[in-house]
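Fit chain E to the given chain R structure using the hints.
Protein chains in written order, with my numbering: chain R, 37 to 707; chain E, 6 to 401.
Hints are supplied without guarantee of correctness; some may be wrong.
Ranges between beta-carbon positions, derived for each pair [as the list claims (entries may be wrong)]:
(1) GLN635/R - SER250/E: 43 to 53 angstroms
(2) PRO112/R - LYS61/E: 41 to 51 angstroms
(3) GLY281/E - LYS514/R: 29 to 39 angstroms
(4) ALA329/R - GLU397/E: 53 to 63 angstroms
(5) GLN238/R - ILE10/E: 55 to 65 angstroms
(6) ALA355/E - CYS342/R: 47 to 57 angstroms
(7) VAL140/R - LYS61/E: 25 to 35 angstroms
(8) GLU147/E - LYS514/R: 51 to 61 angstroms
(9) ILE343/R - LEU314/E: 51 to 61 angstroms
(10) GLN58/E - ARG53/R: 32 to 42 angstroms
(11) PRO700/R - ASP18/E: 38 to 48 angstroms
(12) LYS61/E - ARG53/R: 30 to 40 angstroms
(13) GLY640/R - ARG267/E: 48 to 58 angstroms
Quick list of in silico lysine-lysine cross-link-like pairs, DSS-like style, CA-CA up to 30 angstroms [said to hold, decoys possible]:
(14) LYS439/R - LYS247/E
(15) LYS30/E - LYS439/R
(16) LYS512/R - LYS283/E
(17) LYS341/E - LYS524/R
(18) LYS283/E - LYS514/R
(19) LYS514/R - LYS341/E
(20) LYS61/E - LYS439/R
Hints listed in this document are in silico derivations from the structure and should not be mistaken for laboratory results. Here the structure is a predicted model, which means the values were calculated and not measured. Glycine is no exception: its CB is placed at the ideal position from the N, C-alpha and C atoms.
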Amino acid sequence: MAKVGVFVCHCGENIARNVKVQEVVDFAHEVPGAAVTEHYPYMCSAPGQQLVIDAIREHGLDRVVIAACSPQLHEPTFRAAAAQAGLNPHLVEIANIREHCSWVHRDPIAASAKACQTVAAAVERVKRAKPLDPIEVPVTKRALVIGGGVAGIRAALDIANSGQPVVLVERQPSLGGNMSRLSETFPTLDCSQCILTPLMVQVSRHPLIELMTYSEVEAVSGYVGNFTVRITRKPRYVKIEDCTACGDCAAACPSPVANEFDMGLSTRKAIYIPFPQAVPSTYTLDADRCLNANLQSPTGFRVLGCIRCAEVCKPRAIDFDMQPEVVERRVGAIIVATGYDLQIGQQARECGYGVYPDVMDGLEFERMLSASGPTEGEVRRPSDGKTPADVVFIQCVGSRNPKHGVPYCSRICCMYTAKHALLLRHKVPESRAFVFYMDIRAGGKGYEEFVHRAMEEERVMYIRGRVSQVYEEDGKLKVLGVDTLSGKQVEINADLVVLASAMEPTDHGMIAGTLRIAADEHGFLKEAHPKLRPVETLTAGIFLAGAAQAPKDIPDTVAQASAAAAKGMELLSHDALERDPTTASVNQTACAGCFECLQVCPYGAIERQEVRDRQGNLQRYVAWSNPAMCEGCGLCAVTCRGGFIDVAGYSDEQVFAQLGALGPLPEVLGR
Amino acid sequence: MDARIRPDWDIRDAILDMGGGDAYKCYQCGKCMAVCPWSHVETVLFPVYRTPQSVKFGAIMTSEDAEQIEREVEEVYRCVGCESCSTWCPHEVSMPTIMRGIRRILVEYGSYPSQLADAVGRIASSGNPFGEPRENRGQWAEALEVQAFTPDMDVLYSPCCVPSYDPRAKKVAAATVNVLRSAGVTFGILGEAESCCGEAIRRVGAEEVFQQVAGGNASIYTEAGVRTAVCTSPHCLLTFRKEYSEFDAGFQALHQTQLFARLIADQRLRPAKALGKKVVYHDPCTLGRASGVYDEPRAVLRAIPDLELLEIPHYAREYSLCCGGGSGGMWIERAKGERLSDIRVQQAAATGADILAVACPYCLQMFEDSVKTMDLALEVRDVAELLAESLERPDV
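Chain R on its own, in the form it takes in the complex (with noise of 0.2 angstroms):
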């Protein structure tokens, strides 16, 4: 007979004050097998966890029942103080009163009655459990980091710096992300190329670090630090380790195309380096673009129409016969810094974005102040190149607006509209800056002082409304809006408009499905908890970076990006890995081979495995659950037809008893 600890916790005020604490001490003492019932007012203080161990140890104990809070929060907790006292953690079942009565019912009679219900079933638990032991699993000793913007360069950086080998790879040419086209950072106005290319350099210096610039990540199977994950590397058409970057390619490459790096506000060679600071110092040559992308002889072979970078190309680095490469890399850690794009919506378009060529996006204008951008660092109207006198700028295009944009604040445009203002005064002294605001949210160090500074110093012109419509008119852009200070309408005669426009998630967070992470409905990457894991995803090993889980600005980035990193080497520190034996395990003789279980399983842990007889001869195929990659879900178990899969801790005789315990309510008396 099996002898089990109670131990009722009165979680301060939390759960005594609505579940009579005493009566479920009594109703657990009637349960059969309850050797010892206890009742404290924080079981999880150190005094109250004391108790469970002295229990345990005085009375032979061998189960324990902790009624409190919800498992999520102290079984762990309870689980190891059982471990001290020399019993298994998988003998420690915890009945949840406070979630599932005290917190949800009015009525103290009834949650009580229901408290006691709850306890009496985890006794009956508890008594069929089974003791388990951790899954170990081996750690491979490299982090893959996906994504070359400041988050992947800096999570890369601080890894490798940490002794671990690490795996960068960058969907552009380059690396560098959207900071690289940045011109200067709020609010110290560093110049953003300065401070993130000696970053670049590093990481392409590195030892530890193998980049991999024009690839893409295409799948990744595995588990927590045993990930296999397949790279596309695209081909370039010029051999890296050949490449001066003289850029004679270019000079003679006839095919210009729209350049992204610059917003399209300039163009670029089919052969190109997407800026003079790139990492790799290499050219590549957009096969899209290319004049000889479509060219196929009648036969299929593929016929050469131009050759006239080939052809002054020195060190002969231009080779057109490169094909898509792919590699596996066995890595233990994954850190998705995948980035953020701008939401160009219908917000944008009733301001007119694309429709009047003057007026752009935040990006663009970034684009325009950048020494390195279209026009060298000078303020100029995309329509007929001249100085904008009077500039407007819109906050909140898409943001902060369920109907028509994303629901949720962007967080940086309040402070990059602010530097832009600046920057314009600073650049165009007799310029007028206008900006349209709802809020202003400058919540970082030092950011109010710099809104301050554009408005005080740069007499910008803070307009608190929306704008109704944009539309050109004598040559000007007519900006009608309101200012809801005064109450009036507002109209204001531009040759310049910039919108902020919102951050989405780089490709609406279509990482998230090569990974089997979650998302949000926006498509940015889910943390396993807002407050407290905020860096982790629920996918063990999979952490997250920068603006691809929510917008951020450079330091919340970099801050986020070293976490996600510390996060990592936490995880790569480790020569071995304990992984929770709450696991899925079939009963291959009785299997039957459906594999209903292998198209439910999320974490893709069950594989086929055959069955032969003494001869070798293939009989069957079977499932088999890989323990190293089960998170103990269940779903298979439920799948299985013939109820051939049971999960540890959670077995048929298990359920079963804590389901018969529930009878009808018993009755509490009101003492």
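This is chain E only, laid out in the frame that chain R set:
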């Protein structure tokens, strides 16, 4: 002028009970004011974004000062229910619904503009806002020999009050009859049996009278076996579609331009007579923004030979500017210089059009008045009239 706000929870709760709950969605961004048609009237200041905050404070009609109260009433009745603000509001606040909530209280206390009180009273007594005898409601159709509706007919034609009584608008009803006949659609009217649809007076805040007339209409339609009602007025269309379900009315409503467009597409109508004119189309708020019907009236106009269809730049479709006739605006006399219709006809005239085409009896009346007082060389015609003329073959 009270300089201090003291929250009044009774007033707040009363407005919330009357459906003003959207006030809590508002974050005072000012978009509603920016897109409000009154923003085009330089002499009028209508900071409508402040209304939700006043509702939350219960700071409406709290003054002891009669003049202040009068100003507030005028403010509350300035809203023409054009739905421009609710279309563009980022937080889906329906300002007309908030206004209606406030207005219901004003109507309850009888403190609303007398012109509106008169119109409401006439609708209650004789079923139309003009105070014309109820039995004359079908008179317009006598010479045209329009039949009384029977359930075997394709549709009920519901012309609304204005085309039933107003001499100018009667021509629109007659044109509609001709178009329907030309297409071989069988239809009839209910004449004196039906009353005003009640859309405007509900927006005025006269909920009780609305319940009375709309409830009456709904049961009459049901008894008569109406399956499809074709409306001349988008206002009837809107309330039939969105509000008559409150009375378990089970009929479908169509705006006549929707039916015309369908008949043209099915080649049951073949407009043949050339017009030879430039026509600019004005989107009635209640047909466009409120009901999403933008394309059908244009399709009808495009089907007319030698009709050059123009658009009012920047203010067409969702951006259309209200004529000022909605939500009781028809019955409020506004001073020269404060008429939305004046601004709209100027916009229309600036396109160089010969004809301003409308698809709503309110717009027709408001614009005709403006064109006359401003002495513009612009003809205001309903889409139905232009279509009917184009169907008259020269040889017939």
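Hints versus structure:
{"no.": "1", "hint": "GLN635/R - SER250/E: 43 to 53 angstroms", "verdict": "holds (44 angstroms)"}
{"no.": "2", "hint": "PRO112/R - LYS61/E: 41 to 51 angstroms", "verdict": "holds (46 angstroms)"}
{"no.": "3", "hint": "GLY281/E - LYS514/R: 29 to 39 angstroms", "verdict": "holds (34 angstroms)"}
{"no.": "4", "hint": "ALA329/R - GLU397/E: 53 to 63 angstroms", "verdict": "holds (59 angstroms)"}
{"no.": "5", "hint": "GLN238/R - ILE10/E: 55 to 65 angstroms", "verdict": "holds (59 angstroms)"}
{"no.": "6", "hint": "ALA355/E - CYS342/R: 47 to 57 angstroms", "verdict": "holds (53 angstroms)"}
{"no.": "7", "hint": "VAL140/R - LYS61/E: 25 to 35 angstroms", "verdict": "holds (31 angstroms)"}
{"no.": "8", "hint": "GLU147/E - LYS514/R: 51 to 61 angstroms", "verdict": "holds (52 angstroms)"}
{"no.": "9", "hint": "ILE343/R - LEU314/E: 51 to 61 angstroms", "verdict": "holds (54 angstroms)"}
{"no.": "10", "hint": "GLN58/E - ARG53/R: 32 to 42 angstroms", "verdict": "holds (38 angstroms)"}
{"no.": "11", "hint": "PRO700/R - ASP18/E: 38 to 48 angstroms", "verdict": "holds (44 angstroms)"}
{"no.": "12", "hint": "LYS61/E - ARG53/R: 30 to 40 angstroms", "verdict": "holds (33 angstroms)"}
{"no.": "13", "hint": "GLY640/R - ARG267/E: 48 to 58 angstroms", "verdict": "holds (53 angstroms)"}
{"no.": "14", "hint": "LYS439/R - LYS247/E", "verdict": "holds (21 angstroms)"}
{"no.": "15", "hint": "LYS30/E - LYS439/R", "verdict": "holds (12 angstroms)"}
{"no.": "16", "hint": "LYS512/R - LYS283/E", "verdict": "holds (29 angstroms)"}
{"no.": "17", "hint": "LYS341/E - LYS524/R", "verdict": "holds (21 angstroms)"}
{"no.": "18", "hint": "LYS283/E - LYS514/R", "verdict": "holds (28 angstroms)"}
{"no.": "19", "hint": "LYS514/R - LYS341/E", "verdict": "holds (27 angstroms)"}
{"no.": "20", "hint": "LYS61/E - LYS439/R", "verdict": "holds (23 angstroms)"}
Of the hints listed earlier, there is not a single one the structure fails to meet.
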